[in-house]
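Visitor: Given next are the chains, with one letter for each unit.
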Amino acid sequence: MNASTTASSMPATWSRRAVLATAALAASMAVTGPVLAQAQLDQPAPAFSAATADGKTVTLDSYKGKTVVLEWTNHECPYVKKHYGSGNIPALQKEATAQGVVWLQVISSAPGQQGNVDGPTAIKLNKDRGAAPTQVLLDPSGQIGKSYGAQTSPHLFIVNPQGVLVYKGGIDSIATAKVDDIAKADPYVKTALSELAAGKKVTHASTKPYGCSIKYGS
Amino acid sequence: MPRFDPSRLRSIAAIACLGLSIGVALPAAASPSDRASTGEVEVRLISASSQVSPGQTVLVALEQRISPHWHTYWKNPGDSGQPTSIDWQLPKNITASDIHWPAPKRFDVGPITNYGYEAQVLLLTEIHLPDSLTPGTSVALTAEANWLVCREECIPQQATLALSLPVAASATPSPDAATLSTALSSLPAKASFDASARVDGKELVVSWPVAATAQARQALFIPNDWGRIQHAAKPRLDRDGDAWRLRMPVGEQPAPAGQVLEGLLLVDGQAWEVRMPVLNGNAPSPAPGPAMASASALGLWTAMGLALIGGLILNLMPCVFPVLAIKALGFLQGSASEHRRQGVAYTAGVLIAFAALGAVLLALRSAGGSIGWGFQFHSPVFVLLLAWLMFVLGLSLAGHLQIGGGFAGIGQSLASRPGLAGSFFTGVLATVVATPCTAPFMGAAMAFALAQPGPQLMAVFLSLGFGLALPYLALACWPALQRRMPRPGPWMEVLKQALAFPMFAAAIWLVWVLAQQAGPLGVLIVLSGMVLIALAAWVRMVSRHASAQWRWTGAGAALAAVIGAVALVPSLPAMNGGETSSSKDSAIAAAAEGHEPYSPERLSELRAQGKPVFVNLTASWCITCLVNERVALSTQEVREAFTREGVTYLKGDWTRQDPRITALLKQHDRSGVPLYLFYPAGAGSSAQVLPQVLTPGIVTSALRAGEAAVR
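Sequence lines, in order, name chains A and C.
Note that this note's numbering has the first sequence beginning at 86, numbered continuously upward.
Note that this note's numbering has the second sequence beginning at 948, numbered continuously upward.
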């Protein structure tokens, strides 16, 4: 049977593969292309120190002991408008902060790019939209965004009180810009927050983020 | 080149705020037209037929003409974005296919990667019209298209477009027909080669044969689903012997082993649709834990359930049934506790045989061999030995052979109770003779098992074995059932002798299989072996009641005859011996029977022409296949249906190992034959998989369902 010939050549193939695998591993250290770092689930969330819209500086460390939500946003993106215009995200912000959760909006649009705003504008936008995050982080260099691997607006991350990343992904399950779909969608972030509040593990910890791409400077 | 144009953004924002849910709505005219424009995108609904006929499949397209610097998205948009969608509002009985997506372009914007289209794209859809349309009327096709168009900023847009097509007795091509058929023929083709994928640590490795793309300067794999790879990383291409390998870092949701990974493979500007099994990580890295496999499509419990049912049905297969019938007659005597022990020994025999089969499959798989249910029949030696075994069983049942101790206990007179070893080996024998058969429900379970890590594969195999053992075990443990059996008597001896005939028939069938694998010399060897075995049996019989000296001489002569038979085995011609002549013969024979031999080239040629194709993957050693051919595929009714519908019938013979057939099986998540595929007319149509047990009705109704062709 021909399978036996395959079997006899097996050790040779393996050793060659092993050599190639090692070479490939070495090559991957020097991989080219602007690949985003991926914040890993169940690992300590990437630390940061950021300027806030009201002129302060905050660090992730300073929120130890509290659940932290990071929400990447861009007020001109239609997908962000879907969730702000409908009041979906503002309501979730209010509900979460009322329970002691820290909600941080992050704006990683580079200067001159869509969604890039100064502190006073960011605060005014939130007032106009009825939004109530704990703080707005200004990240025009994109450093925080890239360290988390934030790709879309909105893109959400949840850090537990121990500083460990427990959720990354979309605000909900239906990737459209239609307000009507909010009611039909599985509200991933809302569910994750209530699971965390109940001391449970997050069921859908990694979901597909959707929206506009984040307008990083090149 | 960030250009900030505040006036433009403000107006977009204003419109978006006004009608958030409908995006940039078009001025709603009284009746929608076939075209619309949003400033960034001009859309048009076009049809390949200006006049349609009842029963026709009409090719239509949503054309997007996109302004410079803007793009729309493919079905997997990449890191952000949203695919275009078309929501059809169609009259009753008219249905639309999914979008056939042209190969997309990759867009890298900083660390974000997207897949989509710029300048112009045709999103093709097939509209199936019913036979019941009346010429002289017209059909109204209305499409609500939703898309996202992005430059730096993104705008969700929507348009409702409509076409009204007059119905006539015969279809008329429109001025756009040529454009649409060019678009159709440049869609990514289904790969005619065998690609595979595996997750190696943090990398997804996609491999395909060098023979498929001799050159590969640039390659890209784009999965259909989110999370399989990190899109922004540049994939690395290298060559490993006969295979190209493309490595890319895994994304948020790596493909689980055992599942099928689908996507597009783009090599030097050419695109193929690939569907490939995800194999376990390679040997040096530890196999992924069972947790990964549990995410698989079918699910372990379902597969085990299907395997159990399949195993039960195997009992009714022509080789297995006589063995069990004889064995069951043993329950007419003896005590209940003895019966239970027999039942347990038999079950153990079946389970151990299945475990051994599973172990061999695992070993072959880790050696990289392509495997499938019934794989052992690819070996002429196995077929030869099984033919002799059937012959010996037949002799034994007919009373011409008395095997001391009884290999399976069936050589002895029914009055004596066979030992537990006999029951055990009956179990082993039942397994061996069951393997040429594929019962309903088994195909899916086996395919699942063969793509799983060791423990899951074993679990499914043991479920199948348990299913096979169950009827006998139930009979053994349940005296009430035994009491329903007829009373013992001389009829038992008659039945036993009668059951010799199915065994001889099985031996003849195996000789026929061997003839195709090993040619005339193979037939000579198998039949000579049978004569030697019969001689051994006869010598032993005539000498067993003679004096001690003659008894020993007889035993020695019998042994010599058996050794002579075994000595013939190595001279069996190699598997590929005489292949060219026999395959030519079979092509001639095939043409006479109205089918052509299967080849991936022929299939893709026919598919490109949009012709309907029926593919039958079969093997001479596959009883289920032969039965299906006899009762369904070779019937007058089905042949006429093939001719009427202009269906080309391709037959792939897997009697001998054939990697091209193995590849097609794998594409459809199968590990063994039979597999019946029907590709309806229309170049973009996907294969419909028919059940493993066919009737003429099943075949003809499948043909009818896909009857209408794109003209």
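Keep in mind that a hint or two might mislead.
Unchecked claim - Residues from chain C shown here face chain A by an in silico Cβ test under 8 Å; the list is partial:
1. Asp1034
2. Leu1037
3. Val1056
4. Gly1057
5. Trp1173
6. Asp1600
What the hints assert, rightly or not - Restricting the straight-line Cα-Cα distance to at most 25 Å, the calculated cross-link-like pairs of lysine to any residue (SDA-like) are:
7. A:Lys263 x C:Val1197
8. A:Lys293 x C:Phe1448
9. C:Lys1022 x C:Pro1049
10. A:Lys286 x C:Ser1032
11. A:Lys293 x C:Ser1032
12. A:Lys209 x A:Ser171
13. C:Lys1149 x A:Ala124
If you are wondering where the hints come from, they were derived from the structure by calculation, not from laboratory data.
Glycine residues also receive a C-beta, built at the ideal position from the N, C-alpha and C atoms.
Visitor: Gly1057 of chain C was flagged as interface toward chain A. Is the shortest Cβ-Cβ separation under 8 Å?
Guide: holds (4 Å)
Visitor: Straight-line Cα separation of Lys209 of chain A and Ser171 of chain A no greater than 25 Å?
Guide: Holds, because 18 Å separates the two Cα atoms, which is no more than 25 Å.
Visitor: Between Lys293 of chain A and Phe1448 of chain C, is the straight-line Cα distance small enough, at 25 Å or below?
Guide: violated (63 Å)
Visitor: May I ask you to test the interface hint for Val1056 of chain C with respect to chain A, counting a Cβ-Cβ separation under 8 Å as satisfied?
Guide: Because about 6 Å separates Val1056 of chain C from the closest Cβ in chain A, which is inside the 8 Å limit, the hint holds.
Visitor: Assess, step by step, whether the Cα of Lys286 of chain A is no farther than 25 Å from the Cα of Ser1032 of chain C, and give holds or violated.
Guide: violated (35 Å)
Visitor: Sort out whether Ala124 of chain A lies within 25 Å of Lys1149 of chain C, counting only the CA atoms.
Guide: holds (14 Å)
Visitor: Do the alpha carbons of Lys1022 of chain C and Pro1049 of chain C lie within 25 Å of each other, as the hint requires?
Guide: With Cα atoms ~10 Å apart, Lys1022 of chain C and Pro1049 of chain C stay inside 25 Å; holds.
Visitor: At a threshold of 8 Å, is the proposed contact between Leu1037 of chain C and chain A supported by beta-carbon distances?
Guide: violated (22 Å)
Visitor: Measure nothing beyond the straight line between the CA atoms of Lys293 of chain A and Ser1032 of chain C; if it is 25 Å or shorter, mark the hint as holding.
Guide: With Cα atoms ~18 Å apart, Lys293 of chain A and Ser1032 of chain C stay inside 25 Å; holds.
Visitor: Please verify that hint: Asp1600 of chain C, Cβ, nearest Cβ of chain A, below 8 Å or not.
Guide: violated (17 Å)
Visitor: Please work out if Lys263 of chain A and Val1197 of chain C have their alpha carbons no farther apart than 25 Å.
Guide: Given that 25 Å is the threshold and the Cα spacing comes to 30 Å, the pair is violated.
Visitor: Holds or violated: is the Cβ of Asp1034 of chain C closer than 8 Å to a Cβ in chain A?
Guide: At 12 Å from the nearest chain A Cβ, Asp1034 of chain C fails the 8 Å test, so the hint is violated.
The structure is inconsistent with the numbered hints 1, 2, 6, 7, 8 and 10, although it conforms to all the rest.
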